[in-house]
Every structure is written in C-alpha cells, then in structure tokens.
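Keeping the supplied structure of chain A fixed, place chain B upon it in accordance with the hints.
There are 2 protein chains.
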Amino acid sequence: MKLIYSKKYTQYTRLELMEKVSAQMSKKRFTHVLGVEETAIKLAQMNNGDVEKASIAALVHDYAKERADEEMIAFIHSHHLDEELIIFGNNIWHGIIGAELIKLELGIHDEEILNAVRKHTTGDMVMSLLDKIIYVADYIEPNRRFPLVEQARKIAFENLNEAVKFETKHTLEYLIKQEALIYPKTITTYNTWVATVNRHLNK
Amino acid sequence: MKLIYSKKYTQYTRLELMEKVSAQMSKKRFTHVLGVEETAIKLAQMNNGDVEKASIAALVHDYAKERADEEMIAFIHSHHLDEELIIFGNNIWHGIIGAELIKLELGIHDEEILNAVRKHTTGDMVMSLLDKIIYVADYIEPNRRFPLVEQARKIAFENLNEAVKFETKHTLEYLIKQEALIYPKTITTYNTWVATVNRHLNK
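Sequence lines, in order, name chains A and B. Residues in the first sequence are numbered from 1173 upward in steps of one, following our numbering. Residues in the second sequence are numbered from 1173 upward in steps of one, following our numbering.
If we strip away everything but chain A, and leave its shape as in the complex, we get (with noise of 0.2 angstroms):
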C-alpha cells in the first residue's frame, strides 16, 4: 500500500507506526490489525471519509489488548477511572484505556481517532463515520472466520448502518450463548441501532 501520512495525526509514518503497534502483540494479532487497516481503508473509500484517520484508527485500535490485566487495573485505579469497570476485563478496558496508552505512549491527540479506539469494541448511541468504520472493519476483516461473517462482508459494503446494526445484534446474541458478561454502553448501542423504537435517533 502506499498510503504516505499527512503527519497531521501522528509524528510516524505508516511503517513506524507498524512497527510501533506490531511490538505491542503477537504476530497473529497483527495480522488482524493488518486485516482491519485494509477494510477500513476500503470502508473510508467508499464513504467518502477520512482513509487517513481510518488507517491510523486501524492500526492503533487494538494496541492495548495484550497488556497485562495488572496494568490495566492499576490504570483504572491511578486515573480514578470507575471502579464497575474492572470486572469487564480486558475485551472492555482495551479500548477505553487503550485511547489513553495511545495519547500517553504514541503521541496520537486527534479525538475522532481516539474515540473510534473507544468505541471499537462496544459501539455507542452517537457515533461518527470513523466509529462505525472501525467498529464494522473489525468485525469483518479477512481473517475473521465465524458463520455469519459472509453476510456482514455483504452488509458492510452495501450500507455501513445496517452493518453496525447486524454486527450488534449478533454480537450480543454471541455474548448470551456464551453466558459472558455484557457491558451496559453495548445495550445502549443495542437499543439505538438494532432495536426498532427509536432507531431515528443519532443517524
């Protein structure tokens, strides 16, 4: 690819920030990274947003998924973060405290970045093309494998609401069979994007 930065959001190249984020986890995981970097920029393409802020996004989006559980909750404690967070675990803290390590340890400031990095794995009742790009490209990006992951390609490239939509509701309906905990902002995703009452608000 040869997408050169503007030097507007990060002081690195794409390369050194590869490096940067490929240093953080296994070489499986940033092969995801890599996957979700390629969809996005597609996603950006085709509508019309920032392919920029997407790739960067990309990359930087699960750059805190292999630290430590220690160090997450010593965050959470040192920066009186709340407290209902630490059962979550990491599938929860990555993004969220995830933004912050990215602000602290790469000097990346731009707050639609950021949020996307927020948001990526829960969703929100608001959110920007650059969260609904992360959030779906994660969900489908190559190396995904999972039954359903066919429709949400074909979804995801026609219309990128519905495919938040479709990648919400299943997440939840994968998160009930799997009796694993739900993290309430996911409901609040849930209720604006899948549930049909007040699916006006926020689009």
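Simulated from the structure, these hints should not be mistaken for laboratory data. A virtual CB, placed ideally from N, CA and C, is assigned to each residue, including glycine. Don't take every hint at face value.
Below are the DSS-like pairs computed for lysine-lysine, each with C-alpha atoms no more than 25 angstroms apart in a straight line [stated by the list, open to error]:
hint, chain 1, residue 1, chain 2, residue 2
1, B, Lys1349, A, Lys1357
2, B, Lys1214, B, Lys1200
3, A, Lys1214, A, Lys1199
4, B, Lys1214, B, Lys1180
5, A, Lys1357, B, Lys1199
6, B, Lys1214, A, Lys1326
7, A, Lys1349, B, Lys1357
8, B, Lys1341, B, Lys1326
9, B, Lys1200, A, Lys1357
10, B, Lys1341, A, Lys1349
11, B, Lys1341, A, Lys1341
12, B, Lys1200, A, Lys1349
13, B, Lys1357, A, Lys1341
14, A, Lys1341, B, Lys1349
15, A, Lys1275, A, Lys1349
16, A, Lys1192, A, Lys1180
17, B, Lys1326, A, Lys1349
Partial selection, computed: residues in chain B whose CB lies under 8 angstroms from chain A [unchecked claim]:
hint, residue
18, Leu1187
19, Met1190
20, Glu1345
21, Glu1351
22, Leu1353
23, Tyr1362
24, Val1366
Same frame as chain A, but now just chain B:
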C-alpha cells in the same frame, strides 16, 4: 383454594382482591394472573416462602398492565420519575408504576410485595425469595405457551435460582430476536444471574 388472608398485608379477603384485580383487565389476562398465583403458591410452599405474600403479589403483579399509556406517562411526569422510562413502554412501566398504584389504590404497603411487583418483568441484581417466585411464576404459569416453557417449568420446580437464570437468558434472547428495546436493568439481572464471572454475587 382455601387460602385465608391474615389482614396483615391487605384489608381485603382473597376473593375481594381478586375482584379488584379482575376489574382492571381482560378475562384472558385475569386467567394468566390466576395461573401465576397458583404457581407462586406452589413455589412458595416448595421453598419455605410466605404463601400469603406469594398469593397477594401474584394477584396484583399485572394490576397496571392495561392502563392507558397517557395515564402512565402523566404519572412519570407528576411523580418525577426518570424520563428515560418513557421510551420503554408499558412492558416496563406496569411493574414500576404498578407498585405505586397498588399502594395508592389497593392500600398494600408491604415493601416485599411491592418489590416483587416492581421486579417481576426485569428481575434485579438482588432478588428476595418472593421476587424470584413472582418473576419465575409469571414465566411458567400453566397458561403460558412457548417452545422452552416445559424446560423452564422443570427447572423451576427443581431449583429456583437456576430458573431465574434460565428465564433471564431466554427472555433476553427473545427480545433480541424481536429487535425489542432492552431495559438496562435487564442487563444488570443478566450479568448477575447468567454471566459466569460474577455469578457468586447476591446468592
């Protein structure tokens, strides 16, 4: 049935209370109410619960289910309840507001009975024996017809906590399949009773 009320919780006899409740709803719903009462009494007997309270709470649990939306919304405003309630409709209102109407109109002030009415649709993180009895009886009473009801009945007559778990999980799955709004407390109930990580809480 020959259940004689003690007059500790209501001034009415059981028959008088049945008449009061019956006047508030269709014949079909009243048949459901009597089914919930029969089941609640059985569950109370099996779990060393208070049979009289189980009967009263069951009889009044749907007292407000057929009130006009306008009256319920006016109640939310006049009693300064959270306006976020409004979008959730009478499925959620009739328990929360129903408890207040039961106090005002039927003179029932026992907080254990009122809480069982408040929690009968959504459950809660903390549930008393009576809360569980009414929540489960409402789901499995003899007039209920849905694919999992026989399994739910079997579980309920073996282990009330497992029945709370089963009902919460499958109600949530049903709501998502219907793309219905989910009241946030339903997720609190799910995270406590279904999700495995913190299931040790409140039991």
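Cross-check of the supplied hints:
1. The hinted pair formed by Lys1349/B and Lys1357/A meets the criterion: a straight-line CA distance of about 19 angstroms does not exceed 25 angstroms.
2. This hinted pair checks out: Lys1214/B and Lys1200/B have alpha carbons roughly 22 angstroms apart, not beyond 25 angstroms.
3. For the hint linking Lys1214/A to Lys1199/A, the alpha-carbon distance of about 23 angstroms falls within 25 angstroms, and the restraint holds.
4. Between the alpha carbons of Lys1214/B and Lys1180/B the distance comes to roughly 21 angstroms, so the proposed pair stays at or under 25 angstroms and holds.
5. As the CA atoms of Lys1357/A and Lys1199/B are separated by approximately 40 angstroms, the hinted pair breaks the 25 angstroms bound.
6. Between Lys1214/B and Lys1326/A the CA atoms are separated by roughly 52 angstroms; this puts the pair beyond 25 angstroms, and the hint is violated.
7. Between Lys1349/A and Lys1357/B, the direct Cα distance comes to roughly 19 angstroms. Compliance with the 25 angstroms bound is thereby established for this hinted pair.
8. Between the alpha carbons of Lys1341/B and Lys1326/B the distance comes to roughly 16 angstroms, so the proposed pair stays at or under 25 angstroms and holds.
9. About 38 angstroms separates the Cα atoms of Lys1200/B and Lys1357/A, which puts this hinted pair outside 25 angstroms; it is violated.
10. This hinted pair checks out: Lys1341/B and Lys1349/A have alpha carbons roughly 8 angstroms apart, not beyond 25 angstroms.
11. Straight-line distance between C-alpha atoms of Lys1341/B and Lys1341/A comes to about 15 angstroms, which keeps the hinted pair within the 25 angstroms bound.
12. Straight-line distance between C-alpha atoms of Lys1200/B and Lys1349/A comes to about 33 angstroms, which puts the hinted pair past the 25 angstroms bound.
13. Our distance criterion of 25 angstroms between C-alpha atoms is met by Lys1357/B and Lys1341/A, whose separation comes to about 18 angstroms.
14. Between Lys1341/A and Lys1349/B, the direct Cα distance comes to roughly 8 angstroms. Compliance with the 25 angstroms bound is thereby established for this hinted pair.
15. Note on Lys1275/A and Lys1349/A: the hinted pairing is violated, with a Cα-Cα distance of about 35 angstroms set against a maximum of 25 angstroms.
16. Straight-line distance between C-alpha atoms of Lys1192/A and Lys1180/A comes to about 18 angstroms, which keeps the hinted pair within the 25 angstroms bound.
17. For the given pair, Lys1326/B sits about 21 angstroms from Lys1349/A by alpha-carbon distance, which is consistent with the 25 angstroms threshold.
18. The criterion of a C-beta within 8 angstroms of any C-beta in chain A is not met by Leu1187/B, whose closest approach is roughly 40 angstroms, and the hint is violated.
19. Taking 8 angstroms as the C-beta cut-off, the interface hint given for Met1190/B is violated, the closest approach to chain A being about 34 angstroms.
20. For Glu1345/B, the interface hint holds, the least distance from its beta-carbon to any beta-carbon of chain A being 6 angstroms, beneath 8 angstroms.
21. Interface hint at Glu1351/B: satisfied, since its Cβ lies 5 angstroms from the closest Cβ of chain A, which is below the 8 angstroms cut-off.
22. At about 4 angstroms, the closest approach between the beta carbon of Leu1353/B and any beta carbon in chain A falls short of 8 angstroms, and the interface hint on this residue holds.
23. A hinted interface residue such as Tyr1362/B counts as satisfied when its beta carbon comes closer than 8 angstroms to some beta carbon of chain A; here the least separation is about 6 angstroms, so the hint holds.
24. At a threshold of 8 angstroms, the smallest CB-CB gap from Val1366/B to chain A is about 5 angstroms, leaving the interface hint in force.
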